[in-house]
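Q: Here is what each chain is made of, one letter per residue.
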Amino acid sequence: MKSYRPNVEMQKRRYSLRLSLLRLRKGKPLHGAAIPSNSEPWIENPRSLADAEAISDSVERSIKGWSLK
Amino acid sequence: MTSQEAVAFLASKRRTVLLGGLAVILHGLSRNTKDYDIWLDPLPDVQSWAAPIQQLLTQEPSLQARRISPFGRWKPIIVGDVTVVGTEDRLIRIVGIERPIDVFYVPNELEAVDFEGVWERGVPIEHGLRLIEAIDLIVTKQLTDRPQDETDIRFLTSKVEAHYRERLKTCSEAEAVSMLGRFATPEIAAIAVRESKEDSVRALGWRILYEMRENGDPFAAEFIREMEREGR
Chain A
1 MKSYRPNVEM QKRRYSLRLS LLRLRKGKPL HGAAIPSNSE PWIENPRSLA DAEAISDSVE
61 RSIKGWSLK
Chain B
1 MTSQEAVAFL ASKRRTVLLG GLAVILHGLS RNTKDYDIWL DPLPDVQSWA APIQQLLTQE
61 PSLQARRISP FGRWKPIIVG DVTVVGTEDR LIRIVGIERP IDVFYVPNEL EAVDFEGVWE
121 RGVPIEHGLR LIEAIDLIVT KQLTDRPQDE TDIRFLTSKV EAHYRERLKT CSEAEAVSML
181 GRFATPEIAA IAVRESKEDS VRALGWRILY EMRENGDPFA AEFIREMERE GR
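Residue numbers (this note's numbering), protein chains in the order written: chain A, 1 to 69; chain B, 1 to 232.
Accuracy of the hints is not assured; some may be wrong.
Estimated spans, in silico, between C-beta atoms of each pair [to be verified]: (1) Glu161(B) x Leu19(A): 16 to 24 Å; (2) Ile35(A) x Gln148(B): 25 to 33 Å; (3) Arg14(A) x Asp81(B): 40 to 48 Å; (4) Arg14(A) x Pro76(B): 39 to 47 Å.
DSBU-like, lysine-lysine: derived pairs with alpha carbons at most 30 Å apart [claimed, not checked]: (5) Lys169(B) x Lys12(A); (6) Lys64(A) x Lys75(B); (7) Lys2(A) x Lys12(A).
Output of the computed footprint for chain A on chain B, the stretches with three or more beta carbons under 8 Å from beta carbons of chain A [said to hold, decoys possible]: (8) 179–187; (9) 213–221.
Note that these hints are calculated values from the structure, not bench results. Ideal placement from N, C-alpha and C gives every residue a C-beta, glycine not left out.
I would like the entire structure built from these sequences, with the hints used as guidance.
A: This is the structure:
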């Protein structure tokens, strides 16, 4: 059985990004509570291949629709 | 024939596990993908693996097999070459349907002998097909270094961490050893230290954090600093 531990290089990139964001805020905490996720799933609890294909196609259409022409 | 029908045909002939982007979607991440990735039981030999693919290609002349070239292009192959290409490339692509199907002989980061465990841990979906378990799916993506895989790994990792977070609070040492032996992140090791009721599980969390810090993980180093400040 294969096991998983995060790739150290990827962890360093994530950590570096986090430090950069912290520096942008000059170390100050964010004000107020974060807004909870307001996105809605294309299909709640996908279970079948048809569900997975429908989600993929919806995302594809959405990307095409919103991309800069 | 549709892609789903072709996948169902293969799954009816041989144990088949769904991998890749569609598997990530069924685990709950909304993203797009162009193809099916499936793993057909590779044991006992490549001929057994190739037989249902060759049967499908023979029955449905509109379908063709392709092999990946070094430049990422797909070149046509004849039905008789599926066995040798499967061995050399570890996958073949079936085209001629709306969504190509990449059929793996052995996926990235796995070996043929891993199939049994991956199948056992998988969840039945339909047509006899199983969805690869989240940790196994992360394993197949961990060294590819593609941006999409990084996103997939972060999503799947959060999902596994949420499950581990609950279990680690009350689980036994034996269960914690088994869980953390299979999957561990600095966040999860820190949860074991902070929230487990068992001394032995907390000690295990510390050991993993120290190992990760030793290997250069900056998050592990930060958790250790934080918890030492907290006087743990």
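Q: Confirm or reject each hint.
A: Against the structure, the hints come out as follows:
1. Glu161(B) x Leu19(A): 16 to 24 Å: At roughly 22 Å between Cβ atoms, Leu19(A) and Glu161(B) fall inside 16 to 24 Å, so the hint holds.
2. Ile35(A) x Gln148(B): 25 to 33 Å: holds (26 Å)
3. Arg14(A) x Asp81(B): 40 to 48 Å: holds (43 Å)
4. Arg14(A) x Pro76(B): 39 to 47 Å: holds (41 Å)
5. Lys169(B) x Lys12(A): holds (28 Å)
6. Lys64(A) x Lys75(B): This hinted pair holds, its Cα atoms lying about 28 Å apart.
7. Lys2(A) x Lys12(A): With Cα atoms ~23 Å apart, Lys2(A) and Lys12(A) stay inside 30 Å; holds.
8. 179–187: Holds: 6 residues of the stretch 179–187 of chain B have a Cβ under 8 Å from chain A.
9. 213–221: That given contact holds, which follows from 5 residues of the stretch 213–221 of chain B lying within Cβ reach (below 8 Å) of chain A.
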